[in-house]
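Hey, can you work out the whole structure from these sequences and the hints?
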Amino acid sequence: MDKLWGNSPFSMDRYEKSEFYSEKLAELTKKHINGCKLYQRLLKNFDFSLDESHVPEEYPFIPVRLFKDYELLSVDKSEIVKTMTSSGTTGQRVSKIFLDRTTSANQTKALVKITSEFLGKSRLPMLIIDSKKAVSDRRLFSARGAGILGFSMLGYDLTYALDENMELDIETVKSFLDKHKGDDIFLFGFTYMIWAHFYKSLVKLNEKIDLSKGILLHGGGFKKLQDEAVDNEIYKDELNRVCQIERIYNYYGMVEQTGSIFMECERGRLHASDFSDIFIRDPRDFSLLGRGEKGLIQLVSVLPESYPGHSILTEDIGELTGEDDCPCGRHGKTFKIHGRIKKAEIRGCSDTYERR
Amino acid sequence: MSEDKIKVLLGDVEPTACVSEVYNDEVCRFADDLSKWLRKDRNALSFPDLMAVSFWCRKGNIEKMRNEFDDGKIHIGRGLIFHITPSNVPVNFIFSYFFGLLSGNSNIVRVPSKEFPQVDILCTAVKEILENDDYINIRKSTRFVTYERDKEINDYYSGICDGRVIWGGDNTIKALRESPIKPKAVEVVFADRYSFGVIQSERVVSASDEEITSLAHGFYNDTYLMDQNACSTPHCIFWLGNQVREASEIFWGAVKKEEEKYSLEPIKSVDKYTDLCHIAMERDDIAEINTYGNFLYVVGLKKIPSDMESIRGRYGMFFEVHIKSMDDLSMFITERSQTMIYYGVEKNELNDFIKKNNLKGVDRIVPFGNALDIGVIWDGYDIIRSLSRVIGIR
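Top to bottom, those sequences are chains A and B.
Using the numbering used here, you'd call the opening residue of the first sequence number 1 and step up by one each time.
Using the numbering used here, you'd call the opening residue of the second sequence number 1001 and step up by one each time.
It should be emphasised that the hints constitute simulated quantities derived from the structure, not laboratory data.
Quick caveat: nothing in here was measured; it's all calculated off a predicted structure.
Please note that a few of the clues may not be correct.
Said to hold, decoys possible - Per label pair, the in silico range of CB-to-CB distance:
# : chain 1 : residue 1 : chain 2 : residue 2 : range
1 : B       : 1373      : A       : 52        : 32 to 40 angstroms
2 : B       : 1288      : A       : 293       : 27 to 35 angstroms
3 : B       : 1055      : A       : 288       : 57 to 65 angstroms
4 : A       : 292       : B       : 1256      : 22 to 30 angstroms
5 : A       : 136       : B       : 1005      : 39 to 47 angstroms
Even glycine gets a Cβ: it sits at the ideal position worked out from N, Cα and C.
See below:
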């Protein structure tokens, strides 16, 4: 791991990475087998053994839904310092991710390393495109609040752009910008919130603010924007049009693998860093797919030590766009996201009394 | 009751409780007309389930059922039957409707509100055929409706009917039981059930390639056709004999070849893999897990577990257990057990097994490929007798 903390987070090429991950995944898998009874039984029943060596893609992956169904942890409960939960509407079960001191600290360190590639090494004044309520109201506290808190470490003079009612607080924004005139500014928020509550308000108010010195990081996915036919390109163009911002970076990540996020580079590609890897799998048989082929996304992270989340199967569809060959110069796999898997019409005669 | 919540698909007026003798001529002719209509309709031809409906309601089959039913006594309908049919099976409602008709009743049928082309085709067909004045009695006593879950509407129809037929399993039955029926009204309910298969291993090993292909194809129809989500779809195969390992490989290998026919959407792969992980995390009685891509998962169990009937697969995840004799099955069979499909087992063995063990469950024993074949004897009911009255004359 020392190698990871020392270098730039996009320095390993495919050969180095494969070698490093073969070892690292063996180490993590062993740890989780020893620490988590359920995981141990799963791998035994799957006939997966660490007695022989494996290449990274051979390690089993577990569906993210299992974190909703079980409390999966590989250390004693007394060592847990933080429990992360996924956002979910009322009534839905939420994922529970258990962090010990090491995992939690490593998540923060990795996040800082990855994002500093885009934000620079020094902390910037930070404008959060959300309401303070998202972190202060414990009832609402979820992946959204945790995300804001996590990224808050990258900035100073934290200022919230939206008020309690999720309305744009234009006066606060203006005075924040005045105060930091001439400085680079770090903006953070969730993809949809930014569009619905920031972009749209600026358009409606016909306010022109100058964010040409701004660097925006946003994540959470374009799912809700699909209905409005807004894709990443339109998103960037429109934000640029209303506030002259040029540096807009999407990130992809999930609560099961906090920290080792995937960043969109200047060329518009999402990148795996040295802390993570991605495999695209054919839904028909989970075989590996190559560049340009759409399939289910499997994510690998070297960070999870207190819970068996180092190799997970997501419910997202993606496509590899390359490896070690992005024009931006960074190493690692690059990819695109094509949204969530669609619900299916299930046939059969049981449980048909329609739920609303 | 707010009638705007009900969408009437067919039937201008609400039927009153008209009755007639079971298997009356008008109904039998109507059934055959529908059979012909479907065979002639180009759209209908592309749906195997509509062809199954057509085959079922053709003259020959209805006559056969009529003859088998005849016991020399007089059977007359009970009145108005209210049918709640499954929302995920496009053609089930038409069978339920015919059960109501053949038993001499008027019918209000709640059909699936999900959009299925088969439902549209069937409604068009029935509507067109009923325009013929030969069928004026059926026309006056038929109504097809759809509505979203709504207790008020359930209350209303339940209150006026003389018989209620509830498909859709335990949850649906529970919800409908909140709406009382008249004291003399009868109820036919189809609860959640468990079904399974039995194979004699030696017979598989000695079978020809064609026979194995047809066995696998039959099994595909029994299971994947309904996403392994019908009450009569098997979840576990019990192997008999001494060549189980070999037979199991032959059989599942042949099932795998059916893959092309099935549409395994990514969500089904993920759901199914998640189910497999659940099983693998929770159970310590697994002998081995074999996966054939994501199309077919087979979980071998060391012995019949005590929770046999509650472990089920979806979209093609099956269990298998090697048993010494069929009598072992009586260990788990309860009133929830419904269909047993079999291959390579002699009929007299099946008879002996049933008689000897005094089982509380198992209502149907059919060869592979027939699990979904619906009929007037279903789920332990003689449906025509259940929905009619027998009149004693001395």
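Results for each hint:
1. B:1373 <-> A:52: 32 to 40 angstroms: violated (49 angstroms)
2. B:1288 <-> A:293: 27 to 35 angstroms: This hint holds: roughly 31 angstroms between Cβ atoms.
3. B:1055 <-> A:288: 57 to 65 angstroms: violated (45 angstroms)
4. A:292 <-> B:1256: 22 to 30 angstroms: Once the Cβ atoms are compared, 28 angstroms apart, the range 22 to 30 angstroms for residue 1256 (chain B) and residue 292 (chain A) holds.
5. A:136 <-> B:1005: 39 to 47 angstroms: holds (43 angstroms)
Hints 1, 3 from the earlier list are contradicted by this structure; the remaining hints agree with it.
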